[in-house]
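If you read the protein sequences in the order shown, they are chains U and X. Numbering of the first sequence is given in my numbering, commencing with residue 940 and proceeding in unit increments. Numbering of the second sequence is given in my numbering, commencing with residue 183 and proceeding in unit increments.
Incorrect hints may have been included.
Claimed, not checked - Calculated cross-link-like contacts (lysine-lysine; reagent style BS3-like; alpha-carbon spacing at most 30 Å): (1) U:K1018 with X:K425; (2) X:K429 with U:K1181; (3) U:K960 with X:K313; (4) X:K251 with X:K429; (5) X:K336 with U:K960; (6) X:K425 with X:K393; (7) X:K251 with U:K1018; (8) X:K410 with X:K425; (9) U:K1181 with X:K393; (10) X:K423 with U:K941; (11) X:K429 with U:K1018; (12) X:K410 with X:K429.
Stated by the list, open to error - A few chain U residues that face chain X, going by a derived Cβ cut-off under 8 Å, partial list only: (13) K941; (14) T944; (15) E1023; (16) A1028; (17) P1029; (18) S1031; (19) L1034; (20) K1181; (21) I1183.
In short, the hints are calculated from the structure, not lab data. Glycine included, every Cβ here is placed at the ideal spot set by N, Cα and C.
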Amino acid sequence: MKRWTAFWNILSKDMRTYYLKPPNISWGLIFPLAWTAMFFIRSGQGLDSIPAMLPGVVAVSILFGTTSMLAVTVTFEKKNRSFERLLLAPISLELLMLSKTSGAILFGVANAFVPVIVAAFLADLSSMNWAAFIPAVVLIATASTFLGLFIAVAVSEVFEAQTFSNFFRFPMIFLCGLFFPIGKLPIFLRPLSYVLPLTYGADILHGSVHGGHIMPIALNFALLAMFCIGLFAVSLWNIRRKWIM
Amino acid sequence: MQAVAVEGLSKRFDEVRALDGISFDVREGELFGFLGPNGAGKTTTINLLTGLARADSGSIVIDGIDCTKKIRGAQHLIGVVPDESNLYPELSGFDNLCFCASLYGIGKEERIKRARELLKQFDLSKAADRKFAGYSKGMKRKLTIAAGIIHRPKILFLDEPTTGIDVASARQLRQMVSDLHDSGTTIFLTTHYIEEAERLCDRIAFIVGGKIVRIDTVGNLIQPLHDKHIVQFACESNAIKIKDGLKSHFPDFAFEFPNNETIRIESDSPISIAPPVRYLEDAGIEVSEARKIRPSLEDVFVRITGIEAKAMRSEKEKKGGGQ
């Protein structure tokens, strides 16, 4: 019970201090809206293109929302030493890092639903498979958050975390089949697509929105879950190795 | 009973040996001082004892719990006040304390009550709702100490608590440390201020270059010097030039020259001030002051470590500001 008090208070402190601040709320709204508008205009196919675009916009909103926040909540706190206070608390490192990342996961999930709400007014989403879509959003948010954590732990400055994040984020947008099918990528780039977690998340989103998935949904979920576990485990190993020397 | 028992603790950072097999124990209810210059290994020791770093070898037992491999088991028993305030700048003083209490699983009502109680005790009630970032250095230190004791730890680790703050705040903090000690809290205090250690601590360890060179009570450390008679002369000009003459003229005295214009004479028997003054004036050196000195912990420290206390202080003050 005591450790859950700590868990909840770390999460709620981060929500109040970082995520629910007006700049972040506006960023969380404007960014997905801008992506939606950009791809809508680019497609030139009118409202019919919305279901095809939605998975990509949702995934990008989650990816950018989560990875950029971890640089602040973890790297910044490590830099100003307030993270030490958390390391001194009588809770396990696993629970501590889950509490530090839960805020980003929730932020990513909230970001994902901004384009969904907009799309609901402009297109017919009645055929969407929500039972696959919602868990996929949560899992993509978790994988992206843990990717952000992995980056945040690997660097020591906030600006390094942002730069390093872009090194992963931008190639991922174009290689994960979000906007261009993996089958249309040059053959030498395709193996790269399959080592990126977002590839599997994007495939579930495509499947749940308009039925256009390539791999079995269950396999996508399993692989995405494995990425989550792997990224979290590597990040914890890095924290123990680099921060508790 | 031992609150902390350390045996053969070693730590290396690349080529630098930060701690070289140190052993010591802190007794329950004791205020134990760790005194040494910058880079001696004081903060490294605290980091190892509190789980912020891992030892290369050696053992740590806190309140009977073996923390060598896993510190988590004892973390609810300890409070830590680091050398630099590490609270959240964007939170108010009150919110910082409540948040720190929640990390130890303290329920909402209890942590609000405790936070108010500590803010009052540390004279910070008026600043309770102000952001921590806007606090003065002294206020930051006070709130950091309050955060360190919010969960009523059995053992408190204080890393240089008075470094970089003004004299009045430092005095107030020393009183708070003393009150905590009186209330039964075991305190492990690192400092480079010898007078602070002398005034507060029950026992003191001198640490230099990652090794403990001496551990004892303040009384026992000073005892060998108690029977000594020391007189210090302040001269108007360079006195070192007649060093050899002084030594041959007063063979029963031991001479020290803390600087060019200061001579320190030590003897096992009472020293008559007149003969040395006459000798100095005959040599053309005017004496502006002569005073008998009570041996202090500083003398003991200098004797044991060979490090001048003033040098130690100014080195630290260059880094973090004086007190």
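Task: Hints violated by the structure (numbers, ascending) - done: Numbers 1, 2, 4, 5, 6, 10, 11, 19, 20 - these are the hints that the structure violates, sorted from lowest upward.
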